[in-house]
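What follows is the residue order along each chain.
2 protein chains.
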Amino acid sequence: QMLSEKFGRGSKTIDAELQNRIDSLRDVQRKYSDILRLARLLNARLSAVFQTQRALSDVFSELSAKSTDLHEEFKYNADTQRLLHKHGDTLLGAINFFISNLTTLCTKTIEDTFQTVKSYNVARVEYDAHRTDFEGMQANAPRTEAQKNKLENCRKEYEKQKLKFERLRADVQIKLALLDENRVKVMKKQLLLFHNATCAYFSGNQTGLEEAVSSFHVRLKS
Amino acid sequence: QMLSEKFGRGSKTIDAELQNRIDSLRDVQRKYSDILRLARLLNARLSAVFQTQRALSDVFSELSAKSTDLHEEFKYNADTQRLLHKHGDTLLGAINFFISNLTTLCTKTIEDTFQTVKSYNVARVEYDAHRTDFEGMQANAPRTEAQKNKLENCRKEYEKQKLKFERLRADVQIKLALLDENRVKVMKKQLLLFHNATCAYFSGNQTGLEEAVSSFHVRLKS
Numbered sequence: 001q002m003l004s005e006k007f008g009r010g011s012k013t014i015d016a017e018l019q020n021r022i023d024s025l026r027d028v029q030r031k032y033s034d035i036l037r038l039a040r041l042l043n044a045r046l047s048a049v050f051q052t053q054r055a056l057s058d059v060f061s062e063l064s065a066k067s068t069d070l071h072e073e074f075k076y077n078a079d080t081q082r083l084l085h086k087h088g089d090t091l092l093g094a095i096n097f098f099i100s101n102l103t104t105l106c107t108k109t110i111e112d113t114f115q116t117v118k119s120y121n122v123a124r125v126e127y128d129a130h131r132t133d134f135e136g137m138q139a140n141a142p143r144t145e146a147q148k149n150k151l152e153n154c155r156k157e158y159e160k161q162k163l164k165f166e167r168l169r170a171d172v173q174i175k176l177a178l179l180d181e182n183r184v185k186v187m188k189k190q191l192l193l194f195h196n197a198t199c200a201y202f203s204g205n206q207t208g209l210e211e212a213v214s215s216f217h218v219r220l221k222s
Numbered sequence: 001q002m003l004s005e006k007f008g009r010g011s012k013t014i015d016a017e018l019q020n021r022i023d024s025l026r027d028v029q030r031k032y033s034d035i036l037r038l039a040r041l042l043n044a045r046l047s048a049v050f051q052t053q054r055a056l057s058d059v060f061s062e063l064s065a066k067s068t069d070l071h072e073e074f075k076y077n078a079d080t081q082r083l084l085h086k087h088g089d090t091l092l093g094a095i096n097f098f099i100s101n102l103t104t105l106c107t108k109t110i111e112d113t114f115q116t117v118k119s120y121n122v123a124r125v126e127y128d129a130h131r132t133d134f135e136g137m138q139a140n141a142p143r144t145e146a147q148k149n150k151l152e153n154c155r156k157e158y159e160k161q162k163l164k165f166e167r168l169r170a171d172v173q174i175k176l177a178l179l180d181e182n183r184v185k186v187m188k189k190q191l192l193l194f195h196n197a198t199c200a201y202f203s204g205n206q207t208g209l210e211e212a213v214s215s216f217h218v219r220l221k222s
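Chains as they are written, first to last, in my numbering: chain A, 1 to 222; chain B, 1 to 222.
To be clear, the hints were calculated from the coordinates, so they are not data collected in a lab. Any given hint could turn out to be false.
One copy or two, either will do: identical chains are not told apart, so a pair holds if it fits within one copy or between any two.
With a straight-line Cα cutoff of 25 Å, these simulated DMTMM-like cross-link-like pairs (lysine to aspartate or glutamate) come out [as the list claims (entries may be wrong)]: (1) 185 with 72; (2) 31 with 62; (3) 189 with 69; (4) 175 with 69; (5) 162 with 112; (6) 189 with 79; (7) 189 with 58; (8) 12 with 27; (9) 66 with 112; (10) 164 with 133; (11) 75 with 211; (12) 189 with 89; (13) 86 with 34; (14) 188 with 58; (15) 118 with 171; (16) 12 with 135; (17) 188 with 211.
Pulled out of the complex, with its shape left as it was, chain A reads as follows (with noise of 0.2 Å):
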């Protein structure tokens, strides 16, 4: 079946409507990836940012302690810098929290649903098989017992497989709109927490930034 397909011959039962659906998921999961990979990317950079941030506060507390002309100037630079990376690692424990929510929802609950999508493409080509089957044998009316029995059999299969293909349709449909309904959900939460938390880290409020982390639930390592 596959094969005639492949050359343009045999007809293939095509849900055009399913298939859209189906077709947009895969760039649903493209386009997540694509802000999963920058996320991770941000994570990395972020924190290198507050190493060296960290290693300032060092070297400006110390230059500070031991300068009497300068020492003010080095001390109120050592305090931001270690101000700036303390925050930082609660900002890093919220991108954190997104990177896991996001990887979690495109690696096993979109490919959950993906799946269905492959055992309900292999049931519809085993259907259009026996539907063509069944059709062809049906057109060259059959007269003998052996033959009417042979037609009887082949209808049987075929009615089977179509029970299968039918079954494994509704499923995909109800993945599809069960996935949907998660995604929205999940990604209205992820979103909200890694603006709010973005935007409390750089806009220097710390303890919008310690709400919005709270309000997720984000574990922060210790």
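With the hints as your guide, set chain B onto chain A.
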């Protein structure tokens, strides 16, 4: 003279107070070079963060245009990331200005004083060599006319070297004083710029960031 000093013979003219000031300048140069190295690293790492924020704002923006269900969530994230990397360029400009001024201080201004210190050290060795010669000759109370002439020549040479040594010691003292004044002036200004620009950026104060930068006449890459 250097050899006999190395083997613990010969006497060495020591200006302990001046030597302390030279040693502490060497320490200052080392510490400021640490700041310089870390500031360069911070600049490179922040620049990498801003690049990622730019890429993130592009993906969020694309998804905001495509999605109906999460349009708002993607949009405010796109806007925030765009603002952060846009203002980031101003911060990088300020840090670059700080780096450029510290580089001049460490590799030109301080280095210039060390060149004078080097000449002073050479003159000190030469002076001590001639002094040792002269003192030795004087101790062996010369009797003949030839010996007296030799002593007189030796004394002249010794006094010429003494003058040269004292002139260079005065040069070093003046340069150290001027350098100290200049160093404190430059560092006060640069540490204030660095602090104000950092605080303004990380508190989301774009006006403050622009003000910090323009008050220090930082030329930004267009």
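Hint by hint, here is what the structure shows:
1. 185 with 72: between (50 Å within a copy, 14 Å between copies)
2. 31 with 62: between (47 Å within a copy, 9 Å between copies)
3. 189 with 69: between (51 Å within a copy, 13 Å between copies)
4. 175 with 69: between (69 Å within a copy, 18 Å between copies)
5. 162 with 112: within (23 Å within a copy, 90 Å between copies)
6. 189 with 79: Answer is between; shortest inter-copy Cα gap is 18 Å, intra-copy 34 Å.
7. 189 with 58: between (37 Å within a copy, 20 Å between copies)
8. 12 with 27: The answer is within: 24 Å in one copy meets 25 Å, while 81 Å across copies does not.
9. 66 with 112: between (61 Å within a copy, 24 Å between copies)
10. 164 with 133: within (17 Å within a copy, 113 Å between copies)
11. 75 with 211: between (29 Å within a copy, 22 Å between copies)
12. 189 with 89: Intra 21 Å, inter 30 Å, cutoff 25 Å: intra-copy only.
13. 86 with 34: between (29 Å within a copy, 21 Å between copies)
14. 188 with 58: between (40 Å within a copy, 19 Å between copies)
15. 118 with 171: within (12 Å within a copy, 85 Å between copies)
16. 12 with 135: Within one copy only: 13 Å inside, 114 Å across.
17. 188 with 211: within (17 Å within a copy, 37 Å between copies)
In this structure, none of the earlier numbered hints is contradicted; all agree with it.
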